[in-house]
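J.: Residues per chain, in single letters:
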Amino acid sequence: MSTSATATRTSPGRPRAGRAGLRAGAALKWMYVGVGFVLALIPFIWMVSGSFRSEADLYQNPASLFPTSITLHGYIGVWQQLPFLRLLLNSFVFAGVTTALTVLFDSMCAYALARLRFVGRNVCFVLVIATLMVPFQVTLIPVFIQLFHLGWLNTYEGLIIPRATSAFGIFLFRQFFMSIPADLDEAARIDGAGHWRIYWRVIMPLAKPAIATVAILNFTNLWNDLLWPLVITSSNDMLTLPAGLTLFGGQHVTDHAVLLAGATISLVPIAIGFFFAQKYFIAGVATTGLK
Amino acid sequence: MRKKIAAALAATAIVALGLSGCSSSGSGTDSGGKVTLTLWTGFTGGDRPGYAQIVNDFNKSHSNIQVKMTVQPWDTIQQKLPSAWLTGQGPDLATPSSDPNAVADYVKKNSVLQITNTGSGDDQINVDKLAPGTVKEFTYDGKLYGVPANFATLSLYYNKKAFAAAGIDKPPATVDELAADAKKLTGNGQYGLVLADNQTIQMWPILQWLEGGDIVNAKNCSVVQSAAGQKSLSKWADLVSKDKVSPVGLTGAEADSLFSAGKAAMELNGPWAAPGYKKAGIDLGIATVPVGVDGSSVTLGSTAPLTISAKTKHPKEAQEFLAYWTSKKVQEKFSLKTGFPPLRTDLGDDAKLKNDPTISVFAAQVPDSRLYLPHVPNATKVDSDAYTTLIGQITRGTPVGTATKQAATTIDALTGCSS
Amino acid sequence: MTTSTTDRVSPRVRGGARPPGGPTPVPSARRRRIRWQPAWLFMAPSLLILGVFVLYPILRTLYYSFFDWSVGAAVQPFVGFGNYIKLFQDPSFWNALGVTLEFTVVSVVLLIVLGLLTALALQSEGLASRITRSVFFFPTIVSLATIGLVWKFLLDPDIGLVGGVTKALGLAPVAWLQSAQLALPTLIFVSVWRSVGFAMILFVAALQGVPGERYEAGRLDGAGRFSLFWYITLPGIRPTMLFATMMLTIQSLQVFDLVYVMTGGGPLYRTDTLVNLIYRDGFVNFETGYAAAISWVLFALIMLISLLQLRIFRYNDVD
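Residue numbers (our numbering), protein chains in the order written: chain Z, 31 to 321; chain P, 262 to 680; chain W, 442 to 760.
Certain hints may be false.
Said to hold, decoys possible - Dumping the calculated DSBU-like pairs for lysine-lysine here, alpha-carbon to alpha-carbon at most 30 Å:
no. : chain 1 : residue 1 : chain 2 : residue 2
1   : P       : LYS445    : W       : LYS608
2   : P       : LYS421    : P       : LYS431
3   : W       : LYS608    : P       : LYS369
4   : P       : LYS422    : W       : LYS608
5   : P       : LYS598    : P       : LYS539
6   : P       : LYS480    : P       : LYS404
Stated by the list, open to error - Not everything, but these chain P residues come out facing chain W in the computed CB check (under 7 Å):
no. : residue
7   : ASP366
8   : VAL509
9   : GLY510
10  : ALA522
11  : LYS524
12  : GLY653
What the hints assert, rightly or not - Partial chain P-side listing against chain Z, Cβ under 8 Å, derived:
no. : residue
13  : THR337
14  : GLN339
15  : LYS341
16  : ALA571
17  : HIS575
FYI, nobody ran anything at the bench for these hints, they're computed from the structure.
The C-beta atom is built at its ideal place from N, Cα and C for all residues, glycine as well.
Sequences are here, hints too, so could you generate the full structure?
T.: Shown next, in the form of structure tokens:
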């Protein structure tokens, strides 16, 4: 983290103007923060508690945040109707491999965009950024047909490769690389290092915070993705866990406990990851916005 | 760092490659000469085990054919199936939609196989024995493209406890009683009759039919704006917007939730809902839909089409499976398991089904059932763009005259009504 | 990497002239000719993937938009600009455009204002601040589908927590998502609820990046709290403001998941956003060509608005 801190900011004397005086202001501030705090947490508490509540309990005490009695039938329902471990494995393979490839490809691309001068650089950068503006639904049909021609439907290649780079990651790496002093690679170049060596030995080791950020943000996005795995796969054995859990939604499904259990299960890995790596999540987002 | 990354990459790549080997599915013939058929269905509800049973039994009794069923939500099938079938990647068999009219789109694209294995034999599809209207519904230009995967009628579910509390001793027998009861049962956080109007099997056409109205005539021209059409809508629109017998704008699932919460006294619904309501502890009564103003019975029939891909490599086996699915013995077992009425007319007198208190109610209404917008051009759009909007407007207080006039224009443009 | 030898810096070139005012310390323009090859190699995987799975498909979509194209139809008649003409006469397109713009403008303004306010409240590095920031940020990483599902249940007038609490307070429960007037504001609320932590984190970083000396100087000049904020803080965080506005605008213009899960575009199309319309025409009604035309209009709109924002913030940092 220390690297990112130096790379990003922290100045000792920030505005402390008038902080002493306005007590009312402070009270107002903490009230605002307090309300926000509660508002941010309650839906998740309710979701987890709802996954343990029976239908009758939920209906009779809608104002209650906690179960009057605990039932596991939501979780049992999920366990019985899905090849749970297989989906879990798929999720980790899909999100994990794709993230690893994305980090590699994005950082390579960003290295060229941030550190090399060549004709067409701005065009490339604009094209990459432009892809951020394309809603996924717009390209779904042509992409599907393309994957068919490649024979990649319902395979891991089909799931992974089209998602193995992200414009956002390239952008983030580029911003980060531009903040690394140019003297470093100049020096390496004088020592006879080529681009690959500079990228791999000089830039990447300095870019650990950016790597962590891109990896974490990508993993989260991929983990949460529903439509992509649903469209690319045709057998339930290939689905990811969150996508598989949507199979419980349907026109006539009213069992809240099962739906909420599904939502809780798909959230748990992300929540655990967030708990342990929150500084990377947050530092990552923070870096993106700074020039 | 570098070593770690490289090792992680290598490991993940190996996992990916290793797994991709066992990922391919789809139809095919393996070395033993066994044919595998894939089937996509959208039966995620309480009736799901019934279909799984059919597939299991079929696999057990047919050593040379194996059917692999994948269940996913209707939305998902709708997104994937058209391009999947176009590219020849899709399943051999599928229920493309819960809306029988959707078959028209697939016929237009030449994606579905014409079904020819029909007749009266045991291994043939006995088309003359299938529920009324279903065969006609799936026939285009004289060719049959699908069979009903199920057939359901909507009945009147009522909460006996709520009825007793309101001092009503029996379910309504006429549509006027239905309206009066709905009003009486409304209040204190309870709704008399919950009516869903979107993401649902439509309930409003039943009310219209009971009141002597309709949506389109035989020429596919709108009749919602006619005097009879407006009259049939006005009364129920007022009951919802003024008397609050139902919340406005419910989805099917939301209406079901209210009923299973005991917050709705009545609902029009299909047999799939019964197990859930019983589980939720509702003192459940199921009655036939009350008779209409002219004294005759009518209800909505609902069926999901079961079709074969035009690109299947095993058309013969696929048709054999359809024949099995719709056969008498299989359907008897299916009805008993799920509470659905039999989709065959020759099971109407089946003793086992008749003795079942739930099935018998749904089965009794099969002869009086009507499909929703059958063979109306652009039926799915008529539903989403015109009818759902119309009901949404009148239950929110738009005058029926204004709303129906607008709906009529939309409907006529979609159906190509010329008069 | 064999290319590396060609890239060695020769002293002659290093000493070469720099383009006047060239801001970057990266080597001079003269070396461009020998430099381009490794760059393309580095970019190849990403560009290939983006090209094959994003750029080419979007051009395919453009192609479809000139046809009455429908997946699998036997004939795909050419209609020229027919789909675009139809679109401008189609009330559901104008409705969706209006809904999308309303959603975007209101949620982006709210997100920027609330995000900045929250950041100002929580910019210190104390433990309480840091924990609170994490809590505020958490909803951002949860999938929209999950958030939509949970809020849909929470807001249900009869069985949800919100309805339950309203009733416990003796008020009539509100049908948030079923009311034609309230559905869109409710969606905006949920969207703001989810993303405010994202905006906050961006602004916290930006606020911490404004050099403290500037404030000192300002205070010496006798500037009050408000002047400090207006003349020092705001200009100091301008790049972040631009970035946040652009990202949030692009995201909001593409809003789909929340709509799909929570309202399906209803009631009475009051939450029918452009992407939802594209989805409906493309996947429910099988009018791929028409959906493609709407897609391109949306794409053009996003580009246009992004360029305008660059203009407004006078962002001239594209080197």
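J.: Take the hints in turn and mark each one as holding or not.
T.: Here's how the hints hold up against the structure:
no., hint, in the structure
1, P/LYS445 x W/LYS608, "holds, 22 Å"
2, P/LYS421 x P/LYS431, "holds, 9 Å"
3, W/LYS608 x P/LYS369, "violated, 52 Å"
4, P/LYS422 x W/LYS608, "holds, 23 Å"
5, P/LYS598 x P/LYS539, "holds, 15 Å"
6, P/LYS480 x P/LYS404, "holds, 21 Å"
7, ASP366, "holds, 6 Å"
8, VAL509, "holds, 6 Å"
9, GLY510, "holds, 3 Å"
10, ALA522, "holds, 6 Å"
11, LYS524, "holds, 5 Å"
12, GLY653, "holds, 5 Å"
13, THR337, "holds, 5 Å"
14, GLN339, "violated, 11 Å"
15, LYS341, "holds, 6 Å"
16, ALA571, "violated, 16 Å"
17, HIS575, "violated, 17 Å"
The structure is inconsistent with the numbered hints 3, 14, 16 and 17, although it conforms to all the rest.
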